[in-house]
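Protein chains in written order, with this note's numbering: chain S, 1 to 340; chain U, 341 to 680.
Don't take every hint at face value.
Unchecked claim - Listed next, the in silico DSSO-like pairs over lysine-lysine satisfying Cα-Cα at most 30 Å (straight line):
1) U:Lys491 x S:Lys93
2) U:Lys585 x S:Lys102
3) U:Lys434 x S:Lys102
4) U:Lys433 x S:Lys217
5) S:Lys151 x U:Lys585
6) U:Lys585 x S:Lys94
7) S:Lys94 x U:Lys491
8) U:Lys491 x S:Lys151
9) S:Lys245 x U:Lys434
Treat the hints as calculated values from the structure; they're not laboratory data.
Protein chains: 2
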Amino acid sequence: VRIEDIPSSQPQKGQVKLKVSVCGICGSDIHEYQAGPVLIPRSPHPLTGRGTGPVVLGHEFSGKVIEGNGKWKEGDRVTASALILCGECPYCKKGQYNMCLKLGSVGFASDGAFAEYVVVPEYSLHSLPDSVSDDMGAFVEPLAVAVRAIKRSRMEIGHSVCVIGAGPLGLLVLQVALSAGATQVFVLDPIEKRREVARNLGATAVFDPHEDGVGRKIAELTNGLRVDCAFECVGSQEAFDIAVKVTARRGVICMVGVSLHPIQVPFYRLWGHEKEITTITGYVDEFPSAISLLESGRVDVNPLITGRISLDDLVEKGFEELINHPDKHVKILVYPGDKK
Amino acid sequence: VRIEDIPSSQPQKGQVKLKVSVCGICGSDIHEYQAGPVLIPRSPHPLTGRGTGPVVLGHEFSGKVIEGNGKWKEGDRVTASALILCGECPYCKKGQYNMCLKLGSVGFASDGAFAEYVVVPEYSLHSLPDSVSDDMGAFVEPLAVAVRAIKRSRMEIGHSVCVIGAGPLGLLVLQVALSAGATQVFVLDPIEKRREVARNLGATAVFDPHEDGVGRKIAELTNGLRVDCAFECVGSQEAFDIAVKVTARRGVICMVGVSLHPIQVPFYRLWGHEKEITTITGYVDEFPSAISLLESGRVDVNPLITGRISLDDLVEKGFEELINHPDKHVKILVYPGDKK
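Between the sequences and the hints, there should be enough to build the whole structure, so can you do that?
What follows is the structure, encoded as structure tokens:
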């Protein structure tokens, strides 16, 4: 990952150019930094043509429209979905946009928002209300993922929940679960700071997954039944095994964390309990819900912000800091203009 | 497995004694024969006390009531769910009977129907209409499993389906999928005889899973989309891998077959497609649907019957025959009285 001066892209028909206010660092950006290309295409993307040269990362951002068109005015404060769609395949026609046969993502298959300017498809824009700050706007994208995770898990009001991994997504899933009526939300993370944030955000109880008898304790706190929905927000065999252990009969395990290796699934332990495993690909139409959750204050992202850096410091004080000091950080925000 | 003369059980309060007409051999009976105890409890079952001595196998049966009570008359033709329930736990109270915290099964946790007589809980009985023969009645239990598999997969009218493994359950799932409005049902089995039965029962196309390009052929037959629901009716890594390969985006893999080993799941291939994996535990309230499917002729079990034997021949012409000649058999029916 290099920080370079490159010519700013110009919007084509159906695109809008934004001045980036702030852009959060996502785990998938770090995947690209450490093991890429993962989401960056390895051959020219069918919709953007990108994938053989360098690409600008960054897809969790807020910004301002700098060139108005019929629908958007200069200065409009916005955020944008990262989905790049064909709009024509059977899935797009059904409205299952995240299943688009040519799906690409801003910041992987097109230049993203770790830059002063970003050009995005007009269909991806969402207006930010005054009460949603630029910083909060940079959380709409991951919050939309958390909202979708709750939907995919089929969590209902009155359910009990366990979130395994209190990174940015886990802490958002915790809050969305509470706002959706979960009666108990247990959060597991080996890092004390993250457990503390989870506790402050309303977790029923927090646990270090390595302490003895976590499964038993969660069973005790749920009248022996365990939880209806477990969110695996780590992406590891260990986290998955915990998810199996803490879910109730008829429970759903929602795989939010991304593991690049196969996971061993002991179906002989799932069968008798009719457990289900579901997966999630970003979001479809969850941006309005995410913005509404921020606007109403039901999701608080401030405790998740552990760093604010300028774009020049992206590698050293961003990626490297998150990799080397996970105990200190949840989300680092990057400012391409003046650091706030 | 021994064939012995033992005293016939006498019904307790809430139980009914039946004269067994016919009892089918299930894959789980063979599991017990080859690798048991699997479903037979290893310690006294909390509801039946059985599990330390021998138990009579057999749970797919039809019979006649031999001692009437308030609700059932002598001579009533019936079949019975195998579920033995506590009726008091949170799951029973919710009507999720197959999740009962003390769940047991007739033929594992209590004496089953490879016998002249069987005693079952009264709540498990279902009346057989005249048009459902004794032989058909012995298929109600596995057919209820197939109906539940369809429900758990969330298959809807218009969906495309792939059944992996054309054993008794696979061939029932095929028929239930068609009766539920599946537009295409592909069936995979390495055994020619089973593929032929599947073809005759209405499969859209049948394949040997070992032939080249099965995934590609199914993709071609589904406009490149692959199937909405895949039923893994084998219980093996190979069958699971095929299920992943043939399912469409947003597809559901329903695990019907039982593997006693963990299965490696490449979630990195499922995530981008929001695939789900669901499991199934017998049935809850699917007996009336199963009986209705047989009564209306929408499910035909005759092509599945490949042997009729007397109880004395259960091991040699039943279990051993199914193990050694899977190419010749689907379902063998056992007659404790005169062979029909």
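- Tell me, which hint numbers fail for this structure? Violated hint: only 3; rest satisfied.
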